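Chemist: Sequence:
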Amino acid sequence: MVEFQSRYHEQRTTRSAGLSRGMASFSTVLLITAVLGHRRGLIETTAFFWVLGIVALLAAFALLLSGFAFSRLWKFGDRGGHDLTAGALLGLVVLAPFGFVAYQIATLPMLRDISTDTEVPPALTAAVSLRTPAMNSLELPSAGERALQAQAYPLVAGRRYDLSLDRVLESVSAVLGRQGWEVVVPPPAAEQAIGEVDIEAVARTFILALPSDVAIRLVDDGDSTFVDMRSASRYGRHDLGDNAERITAFLTALDQEIAAQAGTATTATPEQ
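Residue numbers in the sequence shown follow the UniProt record's numbering, run continuously in steps of one, and reach 272 at the last position.
None of these hints come from the bench; they were simulated from the model.
None of these values were measured; they are calculated from a predicted model.
Among the hints, erroneous ones may be present.
[What the hints assert, rightly or not] Pair ranges (Cβ atoms, derived): (1) F206 - Y103: 17 to 25 Å; (2) D117 - A189: 19 to 27 Å; (3) S142 - R40: 30 to 38 Å; (4) A126 - I54: 30 to 38 Å; (5) T205 - S164: 31 to 39 Å.
For each residue, glycine too, the CB sits at the ideal point set by N, CA and C.
Based on the provided sequences and hints, a complete structural model is requested.
Modeler: Okay, here's the thing in structure tokens:
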């Protein structure tokens with residue numbers, strides 16, 4: 001009878017540890033497959049979010065099972081330490097990105113549409129026809145959203161360059177060509193630029209390839225040119241700071257491009 005109980009305990013512990021390892025391994029493979037599939041356009045974004053939810057649940061259950069297996073090992077001296085350790089480590093690795101996202105949600109403002117000009121943002125005319133009902137709608141930011149953006153992202157500001165519109169457009173086109181974005185409203189030739197130029201593109205996040213619509217507006221002001229930019233996420237209530245980072249990175253690259261092309265006589269003034 002004692003021998004039977006010992007074998008029963010060992011079987012239960014081995015099963016829990018093995019399930020932990022198997023579930024964690026499956027969640028890892030599923031996560032990698034889903035990310036690669038979404039990046040290649042094989043998985044629709046809404047379905048991709050559901051898969052990510054399943055991945056998180058599997059990894060969490062793997063941790064719970066490894067904890068249960070460890071308690072059996074601690075109390076009864078049963079076997080299964082290698083499997084529960086592998087399950088716990090893989091589960092933690094899979095859940096780490098979800099934990100980082102949770103931290104960003106807790107520390108960053110809930111915004112999904114960022115612009116250097118919050119009063120009159122650059123228009124996303126082409127993006128309206130590209131968005132489906134499942135995607136975020138394009139709306140003007142509320143007063144509360146404008147205040148949140150100003151507080152959280154003070155570096156998101158337009159530029160005024162002491163150069164003609166055509167020269168600034170050449171630099172914008174050069175920077176845009178290095179981004180790898182899908183341009184849906186291309187810039188005109190520099191010699192054809194008059195008054196105001198509007199450019200639209202679709203940018204994607206580096207790892208998950210989540211899409212955002214981007215608008216760049218250039219306005220001729222005589223001896224200078226104003227540049228404003230907007231980036232709006234297609235999915236999710238929270239952009240995790242991605243849109244602000246995209247705008248500041250692009251405008252910083254534009255500052256450097258114009259300085260390299262025009263020399264130190266050119267000024268780049270942030271417009272508040």
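Chemist: Each hint should be assessed against the structure and marked as holding or not.
Modeler: Status of the hints after comparison with the structure:
1. The hinted window of 17 to 25 Å between F206 and Y103 holds, with their beta carbons roughly 18 Å apart.
2. For the pair D117 and A189, the beta carbons lie near 25 Å from each other, so the given range of 19 to 27 Å is met.
3. In this structure, S142 and R40 meet the distance hint of 30 to 38 Å, their C-beta atoms being roughly 37 Å apart.
4. Remark: the range hint 30 to 38 Å for A126 to I54 is upheld by a beta-carbon distance near 34 Å.
5. Against the hinted window of 31 to 39 Å, the Cβ-Cβ separation of T205 and S164 comes to about 34 Å, which satisfies the hint.
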